[in-house]
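Build out the structure end to end from the sequences listed, making use of the hints.
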Amino acid sequence: MTEPASTALDLSGAAESGPATTVAELPGRRWWRHRPRRWRRRPSGWHLVLIPASLLMVVPLLFMLGTSLSTREETRRFPPGVPGALHWSNFSQAWTESPFGRWLLNSAIVSVTCVVTNLVLCSLAGYAFARLRFPGSRLAFGAILATLMVPFQVLMIPTLLIIKYLGIVNSLPALIVPNLVTPFGIYLLRQFFLTLPVELEEAALIDGASRFRILRSVLLPLMGPPLSTVGVLTFLTVWNEFLWPLVVTSSSDVMTVQIGLATFQSAHFTDWPVLMAATLMSQIPVMLLFLAGQRYFVSSIANTGIK
Amino acid sequence: MSSAGGVGERGSRAARSRVPRRTILPGRTPPGQGRAGQDQARQDQAEAPARRRRSGRPGRRGPVRRGLGDGLVGWAMISPSVLLIGLFGLVPVVWSFVLSFQHNDLQTPATSAGFANYRDLVHDEVFLAAVRRTLLYTAVFVPVTLLLSLLAAAALNRRIRGMSVYRLAFFIPVVTSTVATGVVFTWLLDPAYGLVNTVLAKAGLPTSGFFASPHAALFSVVAMTVWGWVGFGTLIYLAGLQGVPGDVIEAAQIDGCSKAGAFWRIQVPLLKPVTGFLTVWLTINALQLFDEVYVTTRGGPLNATNVVVYYLYKQAFELFHAGYAAAMATVLFLIIALVTWAQTRLARDASTGGRS
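These protein sequence lines map, in sequence, to chains A and B.
Okay, so the first sequence: first residue is 164 according to the working numbering, each after it adds one.
Okay, so the second sequence: first residue is 1037 according to the working numbering, each after it adds one.
Bear in mind the hints are in silico, worked out from the structure with no lab data behind them.
Since the model is a prediction, treat every value here as computed from it, not as a measurement.
Cβ atoms here follow ideal geometry from the backbone N, Cα and C, with glycine treated the same way.
One or more hints might be untrue.
Now the stretches of chain B that chain A is said to cover, found in silico as 3 or more residues with beta-carbon under 8 Å [claimed, not checked]: (1) 1129-1138; (2) 1207-1217.
Partial selection, computed: residues in chain B whose CB lies under 8 Å from chain A [said to hold, decoys possible]: (3) G1107; (4) S1117; (5) L1123; (6) F1221; (7) Y1229; (8) F1326; (9) I1372; (10) V1375.
Some chain B residues flagged as far from chain A (calculated, every beta-carbon gap over 12 Å) [what the hints assert, rightly or not]: (11) L1164; (12) P1179; (13) F1255; (14) G1297.
Printed below as a string of structure tokens:
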């Protein structure tokens, strides 16, 4: 798999490698330094480009927010603005007219379970693939990487047959089991362990600590960033997953919020305010997590290409 | 950097053997020293016991206990993952291939079909049209997303006030689920009351049926998916742009290159590997388009948005022709593999061709 070049990037701009500092370090070119500084003081002309472009990107989401707080009559008015009074009733209506709470709970159960199992299983496997040499390890790692190439549509039908055979079709376990561990997570953590110096573990090894003990006591404190990346990636993928839950669930009480939303849409096809309220609710957990952990989202997306 | 004494020798060796200088450098370092700095995975397994015997103590780099103990611990650590990925990642690939030679309705036991599924596929006009439509969608979606991502990354790659807000605006669509995107765009592009048509009408421009119009539906899907993916492309390009050394651009500007010229002639060519990766990745995802179509148009109107995966889904889970759908999946897999192979090949040829 091709990997995007850089890993360190965050939205706050803190990780930006400023050309100014690089140039300033070069002897004989110090006079270049004044240019970026002057730019920073004057309002940049780029705002004229960036403000409309950013607005264009957020219009769909603002429109969703606006509609979710309007009455049906207000949505037919032009220009669409901030509604006169905020109609929170759309949210309660969406909540009561459908098992929305149940759907959100299902999504939460499935996502959180998968995050936890991924963190544990990917750490273990990533560590073993990075540090231990044993018969079959290369073959196993190669096989795991090979599965990354396969589109899900190929796996979908046999996976459904396997789930049927296991007798867990149309249940929460059916949504969880195929996502218990992701090859990308194993790969990411293996790469992380390879960057750590072996010396960290040697003292503990000589003192007779087991590999599991080392992983838990010596390495776990260092694994914050990669684990956050894997966690965020898993949460995002599982929460937003659509095709698999669509295939494997049929009754309302085991649906995830994405499938629920799609069903809700067919039932309330023109009731836009309520529909937008429901859509907004389905996105709140991911949005909150995104705002809280932007840098992990960014690094997980930049590292894996999963959206 | 190596010492001054090494430079002449390296130069002469490079000239004699006509291999790039880079490949000689590792060979010049003393073997032991070089190995210590290398990736541990490259260590030869057979070499380790010999080294241990020689030094009389456990290898400095290697784990203290090797052999049987490591094997047990290693397999204990990987077996849950291997079993799960084997069961849900490898077994289904083989099974799907087998299924494509069977008739299967997902309920009763499968019966052998020989090549019938593939034969039907070749004569299935709906499928062939779906393939053409998917390729058309990909051919529009990928370049548009690439170009917009590149421009957005160029605009976002500077230090001005409020940059984090701008970046947030571009990245929020990336985490928005495909279903939410579909529902919101259905409303935005609603023919009667949607925002876009209202604005178009007020501005005196022709309105459109968007998802309801057989001519506009596929392009409405393109617009919607571009919105969802542009932040992703921007992110990757931004990471690439930040890897471009600033002094290269400074040098070009000293030589009288305009800022736009430096961008198109220096930064964009330097980003070729990033563009290559993005092209492959966007293409793979475009060929698998499903969610947005399911939520907005369900393949309609008049099959105008009936793409391969949507047709596959319908055949497998609405008409219960699972064997037929598996044959389709095999074809999709082949198309994806072929496109990926061709694009990586093209990118490699272009990059080596440019250098020599």
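Enumerated hints in conflict with the structure, sorted upward: Violated hint: only 10; rest satisfied.
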